[in-house]
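Since chain P is already given, all that's left is putting chain X on it; use the hints.
The listed protein sequences derive, respectively, from chains P and X.
Using UniProt numbering, count along the first sequence one by one with no gaps and you end on 251.
Using UniProt numbering, count along the second sequence one by one with no gaps and you end on 251.
Keeping only pairs whose Cα atoms sit at most 27 Å apart, straight-line, the calculated DSSO-like set for lysine-lysine is:
hint: 1; chain 1: X; residue 1: K26; chain 2: P; residue 2: K26
hint: 2; chain 1: P; residue 1: K89; chain 2: X; residue 2: K198
hint: 3; chain 1: P; residue 1: K198; chain 2: X; residue 2: K89
hint: 4; chain 1: X; residue 1: K24; chain 2: P; residue 2: K26
hint: 5; chain 1: P; residue 1: K248; chain 2: P; residue 2: K198
hint: 6; chain 1: P; residue 1: K24; chain 2: X; residue 2: K26
hint: 7; chain 1: X; residue 1: K24; chain 2: P; residue 2: K24
None of these hints come from the bench; they were simulated from the model.
Protein chains: 2
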Amino acid sequence: MSSPPIATAAMLAIGDELLSGRTKDKNIGQLADVLSIAGIDLKEVRIVGDDEAAIVEALNALRARYTYVFTSGGIGPTHDDITADAVAKAFGVPCRHDPEAMALLGAMYDRRGMEFNEARQRMARMPVGATHIPNSVSTAPGFVIGNVHVMAGVPQVFTAMLSAVVPTLAGGVPMLSRSVASPFGEGDIGTALTAIQKNHPETSIGSYPRFDGNRFSTEIVIRSREEAPAVAAERDILSMIAEIAAAKAAS
Amino acid sequence: MSSPPIATAAMLAIGDELLSGRTKDKNIGQLADVLSIAGIDLKEVRIVGDDEAAIVEALNALRARYTYVFTSGGIGPTHDDITADAVAKAFGVPCRHDPEAMALLGAMYDRRGMEFNEARQRMARMPVGATHIPNSVSTAPGFVIGNVHVMAGVPQVFTAMLSAVVPTLAGGVPMLSRSVASPFGEGDIGTALTAIQKNHPETSIGSYPRFDGNRFSTEIVIRSREEAPAVAAERDILSMIAEIAAAKAAS
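For reference, chain P alone in the conformation it holds in the complex (with noise of 0.2 Å):
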């Protein structure tokens, strides 16, 4: 392929409650839906719990490997919510109130005639060096620091501050992808299926299946950077699909 550099990326999802089952993770499939519109391929996701030394290892392992990495949870108030020095500690850099956080926080809780409490002012902690991701929701910034995005785990405020995050990357050639429904599952059209791929190593086909309780149907997704290769491979396709059900009628 003649495409240029391709932008990769990497999710670190931190919270115990992800892995207790307490909450079912809704940011994983938000952000590979807006990089898949951004043209950057997320490889890889992580999740790990509330632990300093599991979120320092994992986010150095990502980080050094990925174009970005973005981070979801653990910038709250409370006791559990130690992103901010956890990745401070991964980058060797002290963590701290962050002087414009700390501004913009107070003034918000001001105007509102709250108390800008020692738990609320965890939120304005930051690792030195971080620059702030506007969250629209609720105020309390995210921040980037070197390639790493850490962003809220609600996912109303992670959505809002990946929207304003999506502008600054440097996105790649979108992936265009075109889907084509088989009625038969996945034994019937993976010899053929096979065979395709082969013939054309410019797509990537993937083939998902379903299962309606009784019977096995596939989706067929074909994902390519240029359009010419996919539409290829989408007519080979059809033409499959339309031989086994020749097949079948006359069986």
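Relative to chain P, chain X alone:
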């Protein structure tokens, strides 16, 4: 704590579709729920694409570190189903068409008058030394090798396989969980909650913000392997909420 050693677990969800946003994972939350009830601590989750090197690396990292590893996805009949081969590679053993699985699947397709073709035979591929995980939904088995449990990605099949696996696991002491709904956001309760956590070290207290589009409230969750410490922490949390409510009413 005087509890017996805790069994730990990790999950490796496999599939390009999870990273492209096309499929929103449902299996992680399902596994988290089931392990929580079984008293096994899910410590880490990773999601990787249909990429052999990525699967091998993640699997080797996780299986060395945790009591159990559970994978989802990539054991179907198509070219992008490479999990069995990748798992064999991680364990340094050959991957072959398992004779028992071939017999099981062959008989099933025979009964249905369907061809047991090359694609369907892929579903019988397992590392040498693996044992089956039964699949009550669609017959094609998952497998266990070492501490790694390889299961399907289709949620109905994943769930069926997981039900078969759970009774085989050496469970731990289930984590008890008590939940207190706080009408106040984390900013109001954070400072006091930090003190309560410090006073109840046998418990793990988490706070989970909810945002209704207008204001934050919090779900406070106390987790403990014994009941008495959780009850004591819950009492202090209820007192804290009463105090904050009284202070707000007076102001």
